[in-house]
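Protein chains: 2
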Amino acid sequence: MEWINKKNILIVGLGLMGGSYAMALKRLGYRVYAIDINPESIKYAIDNGLIDDGSTKADPDLISSADAVIFALYPKTFTTWINENQKFLKPGIFITDVTGVKECIVYKIQDILRDDVEFIASHPMAGREVSGVQNSSDMIFRDANYIVVPTDKNTPEAIEWCMMLGRILGFRKISVLSPAEHDKMIAYVSQLTHCIAISLMTGTDLEHVENFTGDSFRDLTRIARINENMWSELFLMNKDTLIDQMDRFIDELTQIKELIADEDTEGLKEKMRLSTKRRMRFDR
Amino acid sequence: MEWINKKNILIVGLGLMGGSYAMALKRLGYRVYAIDINPESIKYAIDNGLIDDGSTKADPDLISSADAVIFALYPKTFTTWINENQKFLKPGIFITDVTGVKECIVYKIQDILRDDVEFIASHPMAGREVSGVQNSSDMIFRDANYIVVPTDKNTPEAIEWCMMLGRILGFRKISVLSPAEHDKMIAYVSQLTHCIAISLMTGTDLEHVENFTGDSFRDLTRIARINENMWSELFLMNKDTLIDQMDRFIDELTQIKELIADEDTEGLKEKMRLSTKRRMRFDR
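Protein chains in written order, with this note's numbering: chain X, 1 to 284; chain R, 1 to 284.
Heads up, some of the hints might be wrong.
No copy labels: a pair is met if it fits in one copy or bridges any two.
Stated by the list, open to error - Once the Cα atoms are required to be at most 20 angstroms apart in a straight line, the calculated PhoX-like pairs of lysine-lysine come out as: (1) 108 x 153; (2) 43 x 239; (3) 76 x 26; (4) 257 x 108; (5) 87 x 239; (6) 90 x 6; (7) 277 x 184.
Derived by calculation from the structure, the hints in this document are not laboratory data.
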């Protein structure tokens, strides 16, 4: 499917991310349908014009009319859904996802999927501290990054199609990484940072911290408000890579601690100059 | 001195913080003077209406006309300045500071200071990633916290005067902590977070991280752009307390790592629920 509107797009899983995709795609003129087990989510999305129609069941008619399917499910649910419902998918279509880990899921889905449907994985690096379709916003894609995660099984057409999806959704930067590269990067920039934020909130006995914080502490702990069901699953599905990144980070922080203990001012300043130089690249 | 305007306030050290104090106090109607060794900073502040007049030297007339003095200097410079110039201070006045560490400086200043001038320490928990008087803004005090840090030597009048300074500058929340409590709190909410941000930038070999980050990584590393002269001095002046807080944080992060290694989903969720509950207090 080329990205011509008037096509039908089906979103499976209508939470914050599914709802935000729906909002963006409706605005672009697509017919958008959704499947979610929660009737309130479907009702909200129809009432608020996020989707044209939806179902709480894997409705064969809804599935077979889709020219593209976007899966915004928890990783484990994704595999089950494909096993049970792939028989209804229209031949020749591309399907993609929003899953935050890739190695443990992409090869599995590609293995079980019919030969006449192609799964090209992707990861929108966007989100909010709140969840649910009611908090959907297509503004979360602005200034955000989008990663397409192909394997050797994927065709250039599917990769191009998926990159174009990122572009029309409004992402700032579209990149391509292998599943292993993706999971290493995500362990570092996303999962490690969430572990740090959690530790900052849980590892203290100080009272009324909120009265003494500057912006720095508030910034570092914003993501400590966390959906525990989703993130515990994501952490465990990327376990070894995440543990490796945590170890590297703890090593580096320990190095800085030792510079302080040794009163090595020049060593500390060198670290600070490097961090300043690297961080400035983000603000270009 | 009560907080009646038309009084003269002297700011010693005209960087980002001194300039922001000047801006707020001028707007409130005070006559504001400044001393800074950099002639460009003084010129900028006069040209832009931040101060009424200033000097690059410790001008006795400027000092002796001040009804209150605010020191916005690096900690070590502060002691030297007091030793050399306290003889010019008007008898009976209160002086305060903006220094980010307290135990190592407050008692020392109070020890060397004349008996007819009272030093009451305070710490505005505000700042920016950029420095210099040119980046001054009295908006940085909005929604920020202000800590008054008295010792046994301080009078109730000086404490009340200093709390009122925080209020008229526009801080959200004014608190009182002892120097030891302050330094422990600051090691945790400010210095540790800066060490974490630096480590996140310096401890990786991943390329082009900026193309793959979500808001979380950008938030956690905003403060990795850091003034290395000021922060290395602050870290070393609070060395033992900071190292203790770093150790506690590393312990907690290691606990979370072990929960992941053990695939202890319930333990992980419990940490996440606690961090969510605590972090929600910030967003009231």
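Structure-based check of each hint:
no.	hint	in the structure
1	108 x 153	within (12 angstroms within a copy, 70 angstroms between copies)
2	43 x 239	neither (37 angstroms within a copy, 57 angstroms between copies)
3	76 x 26	neither (28 angstroms within a copy, 61 angstroms between copies)
4	257 x 108	neither (42 angstroms within a copy, 26 angstroms between copies)
5	87 x 239	neither (32 angstroms within a copy, 64 angstroms between copies)
6	90 x 6	within (16 angstroms within a copy, 79 angstroms between copies)
7	277 x 184	neither (23 angstroms within a copy, 29 angstroms between copies)
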